[in-house]
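If you want the building blocks of each chain, they are given just below.
Protein chains: 2
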Amino acid sequence: MRKIELNAIGLIHTPFKIREGMPIQPTGAKGVKGTIIIESEFVEGLKDLDGFSHIILIYHFHKLKEYKLTLTPFMDDKPHGVFSTRAPKRPNHIGFSVVKLNKIEDNILYIENIDVLDKTPLLDVKPFIPAVDVVEVDKLGWLEGRSEKMGSKIADSRFS
Amino acid sequence: MRKIELNAIGLIHTPFKIREGMPIQPTGAKGVKGTIIIESEFVEGLKDLDGFSHIILIYHFHKLKEYKLTLTPFMDDKPHGVFSTRAPKRPNHIGFSVVKLNKIEDNILYIENIDVLDKTPLLDVKPFIPAVDVVEVDKLGWLEGRSEKMGSKIADSRFS
Chain A
-14 MRKIELNAIG LIHTPFKIRE GMPIQPTGAK GVKGTIIIES EFVEGLKDLD
36 GFSHIILIYH FHKLKEYKLT LTPFMDDKPH GVFSTRAPKR PNHIGFSVVK
86 LNKIEDNILY IENIDVLDKT PLLDVKPFIP AVDVVEVDKL GWLEGRSEKM
136 GSKIADSRFS
Chain B
-14 MRKIELNAIG LIHTPFKIRE GMPIQPTGAK GVKGTIIIES EFVEGLKDLD
36 GFSHIILIYH FHKLKEYKLT LTPFMDDKPH GVFSTRAPKR PNHIGFSVVK
86 LNKIEDNILY IENIDVLDKT PLLDVKPFIP AVDVVEVDKL GWLEGRSEKM
136 GSKIADSRFS
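Going down the list, the protein sequences come from chains A and B. So in our numbering, spot 99 of the first sequence is number 84, and the numbers just go up one at a time. So in our numbering, spot 60 of the second sequence is number 45, and the numbers just go up one at a time.
The set of hints was computed from the structure by calculation and includes no laboratory data. There may be inaccurate statements among the hints.
Just so you know, same-sequence chains aren't split out, so a pair can sit in one copy or run between any two.
[As the list claims (entries may be wrong)] Computed cross-link-like contacts, DSS-like style, restricted to lysine-lysine with a CA-CA straight-line distance of at most 25 Å:
#, residue 1, residue 2
1, 124, 88
2, 124, 18
3, 63, 50
4, 32, 53
5, 32, 124
6, 2, 63
7, 50, 124
8, 53, -12
9, -12, 2
10, 74, -12
11, 63, 88
Next up, chain A with everything else stripped away, as it sits in the complex:
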């Protein structure tokens, strides 16, 4: 299968130095502030991003070495296929969060509602655009009736 080599464009800095006790989604990290330090070679690409109140972060769960195809996620006590969950222990270890962007100064993005480990490598940042990023869902699978509670969950050793 095709191999794809990427380079981090920056590092996400957060108060979360260890995985235990971390919020598992941005909704559980309300008000948690962090910064993203963008590599100087990419700073030109940030122009006009500060016009947007919310941004999409795509990043790499850098502490994980392995993945599991079946796992029991935080929101359930039954096992599910990893791709039906947002668990980090997935092939490619790619994470996705929508966070609030407070301001940009030079190569530093000041963000809020951030739910990742300190020094997480950032792969991409994009503006969050409701007209294309928001859809009406009919079915929420095993999360039906419980996804609203995701915000209050915090990580335990399953993140390790």
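Dock chain B against the given chain A, drawing on the hints supplied.
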């Protein structure tokens, strides 16, 4: 800077064999059907994903070799920093779309509203969960007042 090596978990098949004439966002690809063929080694991870009506796709714009830090996006006639746009010609060439999931049969996902080039390598698939993926935006930057029109735009040679 940290190098990250990923492997595609599958390929996205769509009717779009060339970039010219393609929709530039899923909202412009309403009703366009495609399939994703997942590599057999990852099929176990798909269990229960079919309970969700919409999924997040994270993929690699595999036809692009270079990036531009400043470019003029489809929705404007003025240049912007690439990270303030959804243009594919960005560092790491990572794309993100929310699509409808109609069904899964073995290793094949049947999807709708797909806006990528045929044989695009898939890096990750996650359930779309409004409780964590939808935020209320205050500011839409240079897209203010025009993002609703994104659906009607199609690609020209800027995608090449």
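key: Unsatisfied constraints (hint numbers, rising)   = Result: hints 6 and 7 break, sorted rising.
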